[in-house]
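Residue-level listing of the chains:
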Amino acid sequence: MKISFELNGELKYLEVDPGERLAALLRRLGMKSIKEGCGTGDCGACTVLVDGRAVRSCLMVAPQVQGRRVMTVEGLGTLDDPHPLQRAFLDSGAVQCGFCTPGMILVAHELLTRNSSPTPDQVREAISGNLCRCTGYVKIVDAVLLAARWKREGKWR
Amino acid sequence: MAVETRQRVAVGRSVTKVDGPSLVAGKPVFTLDLDLPGALVGKILPSPHAHAAIVSVDTSEAEAVPGVRAVLHHGNVPRVPYTTAGQGWPEPSPYDTVLFDRKVRFVGDRVAAVAAETEEAAEEALAKIRVEYDVLPAVLSPEDAQADGAPVIHDEPDAEGIYDAQHNIAAAVDIPVGNVARALAEADVAVEATCEIPYSQHAAIEPHCVLAYFDEAGRLVLRTSTQVPFHVRRIVARVVGLDPARIRVIKPRIGGGFGSKQEIVLEPVAALLALRTGRPVRMAYTRQEVFVASRTRHPMRVNVKLGAREDGVLQAIDMEVLSNTGAYGAHALTVLSNVGSKTLPLYNKAPHLRFHGKAVYTNLPVAGAYRGYGATQGYFALEVAMDVLAEKLGIDPVELRRRNHIRVGETSPIFEKIGEGREGTAQIIRSCALGECLRIGADRIGWKENRGRRREDGPWVHGLGMACAMQGSGITGVDMAAATLVMQDDGSFRLLVGATDLGTGSDTILAQIAAEELGVPVDRVLVYSSDTDFTPFDTGAYASSTTYVSGNAVLRAAQEVHRQILAVAAEALEERAADLELTAGAVQSRKTGKRLSLSEIGHRATYVTDQRQIAATASFACPESPPPFAAFFCEVAVDRETGVVRVERFVVAADCGTAIHPQAAEGQLEGAILQGIGHALYEEMLFANSGRCVNAGFFDYKLPSSLDAPQIEAILVPSEEPTGPWGAKSISEIGINGPLPAISNAIHDAMGVRLTQAPFTPERVLLSRRAAGK
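Those protein sequence lines, which keep their order, are chains B and E.
Per our numbering, residue 1 is the first one in the first sequence, and the count goes up by one each step.
Per our numbering, residue 158 is the first one in the second sequence, and the count goes up by one each step.
Just so you know, these hints were derived from the structure itself, not from any lab.
Even for Gly, the Cβ is constructed at its ideal location relative to N, Cα and C.
Hints may contain errors.
[Stated by the list, open to error] Anything over 10 angstroms on all C-beta distances counts as not near chain B; from chain E, calculated: (1) Ile552; (2) Arg601; (3) Gly662; (4) Glu728; (5) Leu730.
[What the hints assert, rightly or not] Partial selection, computed: residues in chain E whose CB lies under 8 angstroms from chain B: (6) Thr173; (7) Thr661; (8) Ile830.
Just chain B, with the same shape it has in the complex (with noise of 0.2 angstroms):
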């Protein structure tokens, strides 16, 4: 079947099979970010935002995002010009292996849109379905409340 829907700002048309799932069509699309950990939805590497909403592209089929809008980390910002957000992953010290980081960058992402100023327990909320077996989520937690403030200042595109 042909769906149509937007990625990364980019309007895509495409014959997809109804049972595929996202997350392939996506790393299909050149959409690497996307990271498979589990394939059963419990550890959120594969986390895109749809309608700026965090869901887990493993357990979504393609036909699903018909008519919508569909974000990964390669549309928030590029490696010359990094978003604030994936800037203070980097200055925390949030990124160790960096396989869970798109899908933090983006659950964080849905949260400062709602909420410019979370608390810290507001942040290890937002992320809690977020599995990061490096870091202990001590500098995850900084690096998302570093991003609130830069935004809150203003430095948000």
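Since the structure of chain B is provided, determine the placement of chain E on it from the hints.
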């Protein structure tokens, strides 16, 4: 250099990780992010039985599935006994594994493998392989393994290096120092503790995966998520029967390892499938397969007996270990040895020591290397026993450690007696800030004010606990790392290292070590690592080795390049090299003030006069293994009605010498502490009576989430390790040794009961309270 003539420019600074920008941008830097046209999907058929002989394998139906290109099983692959443990040479683990055997030894053991055009075709083919099994009685506990008449798990005649196959003993050690039995009998006080750790999983978020393909010259390339690229090359070559020179191993970014990727599990299968089909092959474990068919921590029961004088000074330590290595003996001997070698030297005041134990086979998943590598299991029992001793003597637990811990200038006979599967190396301690760690950690947690107070808050009872630990920095007499540093024509540098960054930040740290010597910003050093065609040898990322061992190799290479730079500048400036110094991107004369920039030096050497490549390769073989030290303190709250334990705060103060990258060092501690909290409170692989793991996945096996993480405070307490690069020692493993005993001791402070079987689930807390009548 004798005198520091300048401020450090790179070391001690938390610079941006060199791989960080691509990681946050989601660039395709991991193994499976590379799309290879025409790649086949490889899959493995797991055993449904814990112990069975394979009577026959019929692949005719599987081979008829459209898209299936190869099926491997014991009947059509070479039989080469080997070990999947990626260790140095000679390999200390028994050769008790073959690619596909005529027998399966645990639920999940490999029976066959297929390569097919699609995942669906591969799955269908697996379902159509007809295997006839002769099911054998299974051994499902270390006790059963040792029973009279127990089934023999390794009865194959061609295995090598098994300690006693007839009795299911993969490895055994018995190392006495002095006379422990007499010292225990004669001690003013004697106490003991027996602690148990179950099967647990590393749970790196990236599952094990590999791409096998052929380059333009027909050489086999393995792009793999590994901690040990050079061992992968050596072992795969032997197992599949290929000249090692025809194999290139590339480790791209890897999504966590923690020891589980020090194991060569998928690579030889992918290599053989690629060789049989002439096609690229991609293989990845599912999460369920990672749980049962990669590796686990060695489940252990450790008994510690302590004898001490009334003033608390230890006279004797007896440590006995029963380790379960599962179906194969990967790391069986070395993890067992480390239980003693990384713990007993910490309390070197005891003249009488005995370390003994064995690692036995069972028909359960295979244990292997896991961060802490035996020390974690050892410290659980040792530090709980120390708490028991402190209680019995009425001495504060912190004070008891102070009276017994090793100090600078001291040694322990254990260093020489126990190495990695053989004798160790005598060494003295040259740096130790454990005393400071104890003071700072106790202060931060409020030890004096709050311990023994049992603060109550509704159903919650609060308690404080502590523990100490040390680890090592590399393996003496085994580990070797090399580095090549090249100055380019623009005056920037290329650093080629075999060292393997598994997310720890070692690429960055090694760049910092070179940049410091060369007096340049870290971004002037381009790092390329872990490619067996292009980078020099390194034993790999394990045993807390990279900063110390690889870092020393990098420093030596940088010192030689520094010398060459001064030589070129001396010619150009017509001065003596001894009058020149390298600083802030230029060479300057102390006498005349004349300057030459690094780019001018690079240009001159490359194109102008006396042309040459400014470059050096240096290696470092680990002569001693300086231990980092740490003191752990935590506050727990125990719900007296439900038995739920909550860690409220965790403080770790650690001495890793100079922290090359403080933020990364803190990150190692924080991550290790939370893994240790997972061990203490949640994590346990559970097995049905059939030997099948019933919680192989993130839904049923609880990893700590951000909501389970307490406030973790990691404090770096500096010391200067004279043998380390810029004073550095290791940091990656030590943090995981503290949480089990510190939390157990805190529960005792709160509730008066000792939790000695991990994890400390609500049931176990309530049962131990009931047993103690509390």
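A quick look at each hint next to the structure:
1. Against chain B, the non-interface label of isoleucine 552 of chain E holds: every CB pair exceeds 10 angstroms, the least being about 32 angstroms.
2. The claim that arginine 601 of chain E lies off the interface holds: its Cβ sits roughly 15 angstroms from the closest Cβ of chain B, which is beyond the 10 angstroms cut-off.
3. With 10 angstroms as the threshold on Cβ separation, the claim that glycine 662 of chain E sits away from chain B is violated: the shortest Cβ distance comes to roughly 7 angstroms.
4. Non-interface call for glutamate 728 of chain E relative to chain B: holds, since the shortest CB-CB distance, roughly 39 angstroms, exceeds 10 angstroms.
5. With 10 angstroms as the threshold on Cβ separation, the claim that leucine 730 of chain E sits away from chain B holds: the shortest Cβ distance comes to roughly 38 angstroms.
6. Satisfaction of the interface hint for threonine 173 of chain E is found here, the shortest Cβ-Cβ separation to chain B being roughly 5 angstroms, below the 8 angstroms cut-off.
7. Interface restraint check: threonine 661 of chain E against chain B, minimum CB-CB distance 7 angstroms, threshold 8 angstroms, status holds.
8. The beta carbon of isoleucine 830 of chain E comes within 6 angstroms of a beta carbon in chain B, closer than 8 angstroms, and the hint placing it at the interface holds.
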